[in-house]
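Listed in order, the protein sequences are those of chains Z and R. For the first sequence, the tail end lands on 545 under my numbering, and the numbers increase by one without skipping. For the second sequence, the tail end lands on 1169 under my numbering, and the numbers increase by one without skipping.
These aren't lab readings, by the way, just hints derived from the structure by calculation. Note that the Cβ used here is the ideal one computed from N, Cα and C, for glycine as well. Hints are supplied without guarantee of correctness; some may be wrong.
[What the hints assert, rightly or not] Simulated crosslink set (SDA-like; lysine to any residue; CA at most 20 Å straight-line):
1. R:1046 <-> Z:455
2. R:1120 <-> Z:453
3. R:1052 <-> Z:453
4. R:1102 <-> Z:508
5. Z:501 <-> R:1105
6. Z:501 <-> R:1102
7. Z:238 <-> Z:224
8. R:1120 <-> Z:310
9. Z:241 <-> Z:230
10. Z:125 <-> Z:194
11. Z:208 <-> Z:368
12. Z:9 <-> Z:46
13. R:1102 <-> Z:422
[Unchecked claim] Computed beta-carbon distance windows for the label pairs:
14. R:1116 <-> Z:424: 28 to 36 Å
15. R:1097 <-> Z:385: 56 to 64 Å
16. R:1131 <-> Z:334: 54 to 62 Å
17. Z:456 <-> R:1072: 36 to 44 Å
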Amino acid sequence: MFPLTEENKHVAQLLLSTGTCPRCIFRFCGVDFHAPYKLPYKELLNELQKFLEIEKDELVLEVPNPPPKKIRLQELEDGIDGIDNLSQNGEGRVSVIEDGSIASKSSNLNVCNVCLGILQEFCEKEFIKKVCQKVEASGFEFTNLVFSVSFPPQLSVREHAAWLLVKQEMGKQSLSLGRNDIVQLKEAYKWITHPLFSEELGVPIDGKSLFEVSVVFAHPETVEDCHFLRAICPDCFKPAKNKQSVFTRMAVMKALTKIKEEDFRKQFPCPPNSPKAVCTVLEIECAHGAVFVAGRYNKYSRNLPQTPWIIDGERKLESSVEELISDHLLAVFKAESFNFSSSGREDVDVRTLGNGRPFAIELVNPHRVHFTSQEIKELQQKINNSSNKIQVRDLQLVTREAIGHMKEGEEEKTKSYSALIWTNKVIQKKDIEFLNDIKDLKIDQKTPLRVLHRRPLAVRTRIIHSMETRYVDEHHFHLYLKTQAGTYIKEFVHGDFGRTKPNIGSLMNVTADILELDVEVNHFIVEVPICTLNSAKVVLWWGGH
Amino acid sequence: MSKANPVRTTVYYSTPTESHPVLQSGKTIKSVSYQISTNCSRLQNKVSGKFKRGAQFLTELAPLCKIYCSDGEEYTVSSCVRGRLMEVNENILHEPSILQEKPSTEGYIAVVLPKFEESKSITEGLLTQQQYEEVLVKRIHAATATSRASRGITTTTAPTPPQPARSVC
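Isolated chain R (complex conformation):
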């Protein structure tokens, strides 16, 4: 899971949440890649000007990056938030461990800027910490065996400032 943190309800940054397998102890991240398909690399995202022209548009399920673990597991992190991609964190390319060590700060994956009109509804669609934990509990009960296929679940939860926000998508 990853979480989206709203900053003054207008800019969100995505990081994986604690329940994400990548953040389970014992896992080592070998590398991270922003090449999500043959034609699309999030690294190519370039925005210019005050209105951030040129940004790649993201839907909730749009992949942000792929995480390759040393045990062979591969995870795709999705955006969870509709909006325009501002930047991806290149630091996790050089130092993948910060994804695990500092997921709430320097280990962020991306910064997404939603449309002004949508920012309020997006924030309201997020979960509080408590709601998020309830979702986790439900999932654990309904757990099926995890497959080797990369099917990352991203969660973003609702904000209680200054707590980070999460939502399930």
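The following block holds chain Z by itself, in its conformation from the complex:
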């Protein structure tokens, strides 16, 4: 069923004669159901011509013969701009003869003066197939996709011009046409293309999908179409950082709402003139949103930094916790890069014992995202087999929210430590027993000298909740401590030149130093076992005590 009615005839005739394509004509006539747009271009032209009772040889917007179209698509593949194959035909101008019929001076008014080809060839199967080929070649794993398309800003200007034209024509019939009565170009484009993508790639289109296919169109020929707007509304076009051109879609649309009709008509032709070439495809890109992997790690090396230790381009210590875990993930997920974060951290020379320190890794633009719980287990095993410096457990996929929960409550946690202490004076078992009885000892710590170069100078009050000692020999004992988060343990032992008070040395009236330190991380976890990517559950909670 042809969607246009008698009421639409004048407008349709006017638009067709000035070089507008059938689908754009539908849009301006308010055709807001999908079916008509999906019909093939040729068929639409024929139906339109029948509707308007135009003889075939009088048709203005004739579809070009196959060869020109193929050439254009070939050049798409080669990455060259759409060719100017119509220049020899010139722009067809139409004169309206008194008897109402339309005669054409020359045929081949190919490129729509409103959509610049977007609703002509760029929404049809052949083009979509080309895009899908690129998507498949990119090697991403996906079960749905979101399609985003970007049109050149000057389309808004042309749309505006066409609207003014049509509004005027309808005014003659005492009909009104609001800006919102027109179907948006992007909407119509998506109506047509979404089913084509789904069919070609075998997956549904889902606005919430993490996998994005984006196509960007440009039309270099008419880039300057928008420039006149700057003179009229200069504050819409303020240059900002990171913007290549000041004429963004938003800026242009904003200016169009402000400009008066008379001013617009003075500067821009209504109807818009016909371009020589269709839009060019600036880019076809695919990207997958980040996925998150979390777990807990134990560190058994006293010679391993958490993050790579590089000064002036020189690596000071081999490897890092982050790299030992992430390198495997990066490879398996085929991701571009990663961001490592953890719930607290420890020094290079401190071991992490207990259940392990919670960490989460963001994998950026992963190409592979679906893993069974078995595969994740195997990945964990692989990491653990590759190094005895760290071990990982509870490796699982999580949502972005999990990271926030992990960082939450870091300040509130209590930490447990085990230290090997040296004393200059000879000690007996009885000399250290009193430490076991000290509860909730308040200490004041000035910023330790060893971190002073990168931390502000301040005094921090911290609490040593409890201690337990184990005598080793006349100059050594083990000290187990439970402290408030953020306590500098090493400084509590040796006193940091008296800048941490009280300290073990001052409490025992000796000179003490710390030989070894281990931290026991035992955050309790409420977890829902392995979530798959497409479920929205929050998986991991990191609690503390």
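Following the hints, position chain R against chain Z.
Leaving out everything else, chain R in the frame of chain Z:
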């Protein structure tokens, strides 16, 4: 003499070395003062933020403090290290004896943060323990009578971690 101890080559703390008269046995320190001139007290030094804004800038010869001994002798301890003053040790005001009893730890005088670009050259300009002792020997041979004027000599020596570093200035 005082010594500057580099901590990871970026922060130095100054303490008097064993050869400094103040640390000779028999001397009693009456008091220590950080008021080094009418307008300048090291106690007024205040730094804020990660970049330690507001720190007093010190050259090698900049005085850090004055030590008054019970026998009337007065000594000025100089910085020896170019950089920004982070803090002075207020504990030696209340307990001057720790200067003598624990010069390498709690008896420090000041913490100085050199400019990042200069930290390497400063560390290299320091003396090892052995080089320091050689300097002392030379001085003893060339000794002239000490005057009552306060002319403190500060030494900082090069580091051999974890030994404290000294340099002669």
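Practice problem: List in ascending order the numbers of the hints, as given earlier, that are violated by the structure. | Solution: none
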